[in-house]
Structure formats: C-alpha cells, structure tokens
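Dock chain B against chain A, hints included.
Read top to bottom, the protein sequences are chains A and B. Read in full-length UniProt numbering, the first sequence has 53 at position 53, and its numbers run on one by one without any break. Read in full-length UniProt numbering, the second sequence has 130 at position 130, and its numbers run on one by one without any break.
A pair counts as met if it fits within one copy or between any two copies, since identical chains are not told apart.
Calculated lysine-lysine pairs in the DSSO-like style (CA-CA distance at most 27 Å, straight line):
| id | residue 1 | residue 2 |
| --- | --- | --- |
| 1 | 277 | 199 |
| 2 | 273 | 224 |
| 3 | 194 | 273 |
| 4 | 277 | 194 |
| 5 | 86 | 277 |
| 6 | 194 | 151 |
| 7 | 273 | 199 |
| 8 | 273 | 127 |
| 9 | 151 | 34 |
| 10 | 86 | 127 |
| 11 | 277 | 117 |
| 12 | 127 | 277 |
| 13 | 194 | 224 |
| 14 | 127 | 117 |
For the record, the hints were derived by calculation from the structure and aren't laboratory data.
Protein chains: 2
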Amino acid sequence: MSSTTLTTCSMSLQPQLQTGPQARLAARSESHAKPTSGLAPGHLQANLIVLPSRYAQDFRDLCARNPVPCPLLAESSEPGDFSSLKSHLPGIPGSAIAADLDLRTDCPGYHVYRDSKLVLDTVPDIKDQWTSDHIGFLVGCSFSFESALSKAGLPPRHAVLDRNVSIYRTSIPLNPAGVFTGATHIVSMRPYPKAAIEKVRAITRPYLQTHGECIAWGWDAVEKLGINDIDVPEWGDAPLTMEGEPLGRNWGDEDNVPVFWACGVTPQEAVMKSGLKGTVMAHAPGYMLVLDCLETDVIC
Amino acid sequence: MSSTTLTTCSMSLQPQLQTGPQARLAARSESHAKPTSGLAPGHLQANLIVLPSRYAQDFRDLCARNPVPCPLLAESSEPGDFSSLKSHLPGIPGSAIAADLDLRTDCPGYHVYRDSKLVLDTVPDIKDQWTSDHIGFLVGCSFSFESALSKAGLPPRHAVLDRNVSIYRTSIPLNPAGVFTGATHIVSMRPYPKAAIEKVRAITRPYLQTHGECIAWGWDAVEKLGINDIDVPEWGDAPLTMEGEPLGRNWGDEDNVPVFWACGVTPQEAVMKSGLKGTVMAHAPGYMLVLDCLETDVIC
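With the rest of the complex left out, here is chain A:
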C-alpha cells in the first residue's frame, strides 16, 4: 500500500498504517513492502542492525561516540530475542517503544551481509538468518522529524514526489570504536530553499535521538562531504526537481540547495568497512521499523 493511497479502517474509522503496530503488521504480512517515509505520521521510525553478540559492546561504544549518525534507541532484551526490547531512551521502557514486535519480519525490507559483504538485497524477512546469538539494535531515523517539517510547511521533496530519500556515502570519518574502524558518515539529503535553512535547522534541532539538526548544507557542502555525484546516491532514489529532472544538473535553475542529515545507514557502512565476520542483518535503507512511541516522546 502506498502512503499516498491510504484507505480507512472499517473497525476504527482511522486510516490504516497510522500507528506503529499497524505499520509493523503490514510489513510482517508483506502487504506493505516499500519505504516507510510518511507512514504512521508522528511515530518514531528506526534503523535496524542485527549483530553477532561478540560485536555488541563495540557497537554500543560506536553509538556513544557517534550519537548523531548512530543514536541508539534500544536493543534486544537478550541475545537471540527478536520480540522484546531493552530501552536506551531515558524514561521510556522497551515495551513502550514497540510492544507487539518481531525484528525478523517487521521491516518492509531487509539487507543481509555475510563476512561484511551484502548477500541479500531488500528481502521481506530474516527468519532463516536470525540465530540465538544475534542482537538487534534500533537506531533513530530522520524520517522521524519529517512530519514536523511538513507541519511547518516544509515537506521533504522525496515524500511529496512519493520517492525514497537520497542517501550518500561521505568522506567524513566516524570516531572509531573497537572493531569498528575505517567507516565514514552516511547522509540523507532533502533539498530546501536557502532562505529556509535556519528554519529547517531549528525544527530538526530538538530531535537529538533521530539525528537532530542537519550537519551540512549548500552546494559547497557536496564537495566538503566528499560526495561524488549528487544525482547518483549510493542508496535510495535519485533526487529530482519538482519537474522530475535530475537535481544536480538543474540546480542553477532552482532556488533549492541540498541539505544533509546524518543517516542511520551509517551502521551498515561501518559493518562493511570493518570487516566483521559472520552474518549481519539490517533494514533495507528507507524500509524502516515503525515504532509505538511518538516523535514528541524523544524531542529535547
């Protein structure tokens, strides 16, 4: 189901996929198998990374040392547990983050890595790969502040055009932590008018748990971040002008500049760069886990 063709639920007279449980159930049943931007407005969305337990403490350190790209929300209650969470959010118990949960099925798409190489791309579940030694980690997602931007009259263009957000690799190093070395920041991009940037910064600033304010903006940021080609994102869809043209080849014709936020795909990049052994799983970029708690529960 597309987020732009919502129907009403006969039981509650509420639109479907308006809550975390509805979105997760739709992913679990594979009736929703596309990106989650715009789903369940106001609800937190999360990046997922699932690691062998021997890498867990180093990953917690990686998050503590890089809280902007890797804001750690919660993790499996114990190794192997895919249905209950231990919270890292002060004052919010794991059961309030997501109650009826199956980390193996509740994202609309998954990536699977073996020995740090992607071996399965956007598969519907990871039931066959999950073992009793795996720990799932939830990391905040910038989709979580998109409804605040929309309410302020600044809807992200990718949502307006019903496309996936554009996601890029940068050359900005992460702070290393144990086995996690050599990785760089991943960023998501939303174009905005230059005159709106201070407003966009202010709106997203309180969302510290979901990447917070943008980390760079303007056309000169493309080079500073070491992005090769704005029209060829490494993940997600290519950015377009409102007329459907490639953004980078038309930027002289429009007032908008690229604005970059830290992105929760960063842990997947860290896994690939660090040469982890064994099976690592993650959501497919853009295909997030929708949670029960609200964006307003975590703004500072």
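For chain B alone, kept in the frame of chain A given last:
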C-alpha cells in the same frame, strides 16, 4: 614547580600537587604556572570554556552532538557562579567534582577572546573578565588517561620529555549545533610504536568522558586529518624524537607513529569559527583545571 621536580609536603610527607585541591590552590596562588600534564596522577583534569549565558544551550547541544571532542563534565551551578558546579556525570554530584573551586583563578593559565578573537594569551586569572552573565563549562581532558598509559609502560612522550602535548587543527568538521557552525576537530598527538597501537586503543577506550580511544593513527592519518605540518602544532609544544629532534623530519628513523586523540581545545576553536560576540574565556591549552574526582570514577 615542574612536575618532574616534586618535593615533599612537610605536613603530610606526601608529594605536593598530588590532589585536585593542591593543584588548584597552586594555580590560584600562581606558584604553579605551567601545563598540568602529570600533576595529581589519577585525578581528572578538565578543559574550561566560559560563555555568555545566551550561548549556553547551543553549547550543551554542541557537546551532546560531539561527545568525543567535547565530553561535558559539569557547568556553573547558575550564571555567574564560579565556585560551585552542576554535574553532567551520572552519579557524581558537582561538589565531588571540585569542592574548593574558583573557575577564575584555578587554571594555571587562561585565554580570553573578544568577539571570537584571542585578546589575552596565557594570563594567570580571569577575575577582571568574569561577569554575572558568564557560565563556565568543564570538558574532559585526555591528560586524564595518561596515568593509565604510564602504568601500562606506555608513558606519553611529551610527559617523559617534560613538554606540553602537541595539539593540531584538523579539517574534520564538527556536527554543528545552533550558533556553533563551521568548526573542525582539534586533536592532541602522542607518538607510539605501531605494534602498541591496539594496546593504546584498549587502554584509553573506557575513558569515554575524557575523549576515549584515539580517533586516528599512523603517518597516513596526518594527511587524512588535514594536518599541515606535524612539526608545527597550532597549540602546545612541537613533538620531538627521544633524542630531541623534530619528529616529522625524523620519522623514517624511528618506529613510532603519530596517534591522535580528540582534544578539549575543540570548544575554543568552535568559538573562534562561529563568530560569537562578547567575552569568552578558556584555559590556555595544556593549562588544565585539576579536579577532585578520580579517573576511575568515570571509566565505563
């Protein structure tokens, strides 16, 4: 008094400047007016930055978004208060961080900035500049893990040679926060044998509140960090070989490589880059505030 020529205290038969209060009193009386590396072994040392209150919330955000260079330990209990602290360390009250305290006198040297320009370099106190609108912030310092390195048989060379640590500007951007934009990471450097780097990483890793493990290492890191000349640090003393030669011009002759940690001079760089208005004060790099609490109180 040099840290290598400690005498004994007639009252206690303990070497002088072995505790936080002793070190602060010596700075206050100007009997110790040099860098604090090696003073009061095992005690936390802190970077100081003193801001007009209107910049305080953005600075807290800057620290939350950049905890490796800017691990926030404590701040003035209220604007204008230079003698009592509000703690940011879980489980440690402000009075346990430093009880008998005067933020205006207790660093052995201070820098004073006006409208983001350095106007006073390494002055003994800031009594004339401090106002009822100023808030002091304490940020963790990498001197705090140097005794752990020394105990493991890996004493930092600058301490062995009784010099100040070498501190460099890099091109790695900070995550911006409010008024704090355009700043880059500052790093301190200690040379170590290549074979010792994993041990050095492991020893410093638990010190999350005092910059934690090194962020880059090896000669290729010099270029990656955008450091112009390893022999010309922006702050502190130039690094030397054990024979007293410039390190960079002799690195082919020795087994040691530069190892870089995030540095608490970063907030001063952020102030200068962000164009803050008014009077900002800080410790002079290397001339730290020595605290009452112990390094072991904050290791994770």
